[in-house]
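Protein chains in written order, with the working numbering: chain C, 1 to 431; chain Y, 1001 to 1157.
Be aware that one or more of the hints could be misleading.
What the hints assert, rightly or not - With beta-carbon atoms standing in for the labels, derived distance ranges: (1) Y:A1139 to C:G265: 50 to 56 angstroms; (2) C:G90 to Y:P1062: 55 to 61 angstroms; (3) Y:W1026 to C:A128: 42 to 48 angstroms; (4) Y:Q1115 to C:A398: 40 to 46 angstroms; (5) C:E249 to Y:T1131: 20 to 26 angstroms; (6) Y:A1135 to C:E208: 50 to 56 angstroms; (7) Y:Q1115 to C:Q184: 22 to 28 angstroms; (8) C:F202 to Y:A1139: 31 to 37 angstroms; (9) C:A128 to Y:D1029: 34 to 40 angstroms.
Please keep in mind that the hints were generated in silico from the structure rather than gathered at the bench.
Keep in mind that this is a model prediction, so the values were computed, not measured.
We put the CB at the ideal spot given by N, CA and C, even for glycine.
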Amino acid sequence: MSHRARQLKVSSLARVEGEGALHVIVRDGDVERADLQIYEPPRFFEALLRGRSYTEPPDITARICGICPVAYQTSACTAIEDACGVPVGGAIRELRRLLYCGEWISSHALHIYLLHAPDFLGYPDAIALATDHRDLVERGLMLKKASNAILELVGGRAIHPINVRVGGFYAAPTRAQLDRLAEQLRPALDAAIATVHWVAGFDFPDLELDHELLAVHDPARYAIEGGTTLRRTAGASFAVDAFSNHVVEEHVQRSTALHASLDDGRYLTGPLARYTLNHERLSPLALGLAADAGLGDECRNPFRSIVVRAVETVYAVEEALRLIESYYPPVPSYVDVPARDGVGHGVSEAPRGLLYHRYGIGADGQVRSATIVPPTSQNQAAIEDDLRRTVSANLHLADEPLTRLCERTIRNYDPCISCSTHFLDLTVERK
Amino acid sequence: MIGVGNEYRRDDGIGPALIAALEDRWLPDVKLLVSDGEPARLIDDWVGVPLVIVVDAVLCEPSTPGAFYRTDVPLHDHGHQDAPDLESHPHTAGSHSLGIPDALRLGQALDRVPQRLVVYAVEAADVAFGTELSAPVAAALPGLVHAVVRELTSLPQ
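Only chain C is shown next, with the shape it has when bound in the complex (with noise of 0.2 angstroms):
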């Protein structure tokens, strides 16, 4: 068959996660409401879930995001180890830190120079970016591809990594390969620290957003694979375990999408909770670099997210620099994890914002039950706050102008849906 017989309209390739729409409703003037239709919670993969061998989270939730799968292979891991009992420490944990530093550095590198930069330097894509600056563009992928190595050799492949298990990997890699990779990601970090001079230099809208912020903590490092508490910026910070005190999920009725609330409140996770919570423990060079960059003892300007996110790249590549330096192999490479009757918890921080699992399982290893709370549905309601706000600042705009700019409003927030690119179906109703 030709396929010139016919005009294709290609509305979606498909590897949406959720439509993306947002519906504001104007009275006299003023926005009513901005509802941002953005994100299908995971629910599919929680009843998928149930009835499977516990062994088998980690790689079915890996599928749920293209661009996080070691988070969601890391949360469920840990989540899974604690209802066994079995916590997992040592050369295992590092591995999974390197593993997860990856997947931070291939994160924040895509979105700051294929989503983000051209926002701030006039571009409408990355395309034209790339054309006019080609360096800076090979520079974001020349990052990129060193994450790449950590996740191929670490995870055993780029996407969806298959080298994870429950109690820890199939194979840990052998200090010669580590060695090998770090000849690679040694360059990374000039590049990634060229990144933070680069994005520095940006126009930063003036805003500051009021919203509670929640993080991971860990005493000990700047917290990326887990941590020991749940810190947040008005109130006492609580254990991984009572995480379903303070945070709940309500179903929104004019969405698919659940809102997550903190104690009744707004809040917002990712890197401006992460950098505000946790900065002092990171390195004197990332911390040096965020002071020269501008950011203080807080960051709560959601564009300059974008520069919160370079100066993490810098804290990953440099992390797994010195993971690499002091790794020895785990033997064996996994720890046993027999199943019992529990339930338990798992939290890392997601490069878009913290990421919790919950596993009931039964001590014949089936799982009971499955709760995946993620980061965009935790952060959907400061997006549409912050839209709330753009739209009724701006409602003099025409729509195709305001659509734009609700776009790069919700890019500041790297949420996990498609209108980070260029995607937003706007409807305004003006009454």
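With the hints as your guide, set chain Y onto chain C.
Relative to the frame of chain C, chain Y by itself:
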């Protein structure tokens, strides 16, 4: 051979399903890859390769689920970078990604393209959550396998 898609989104899994079907075949010198379509990785996967075949699902209006369309993408005609059949559409968007047409344009801007690129677009009926292909898309799989195998094995040695 790159199968783009997500096997947990029903017909979006046609790319990975095709790769799975090819894994049992004797295809020397052919590398089989499953991809989420993320452009930075796609252009790394395909740069300089003599022939790259990409299979992906598309939603079309009007729709004939299971129909597939082959495009031999012109790569070096910089005056017309957007191949007509891969035209980027404002509502074309994979999650986080810029889509295959944008990966191609990015690859062209950075001189990271394969020597030859053929895209098979398979019309999807259903990309809701689920692990099974819809009946018309599943029925299209053998024909699709036949078409790409013929193409992969007719390469000049």
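* **Those earlier numbered hints the structure runs against, lowest number first** => The structure breaks only hint 8.
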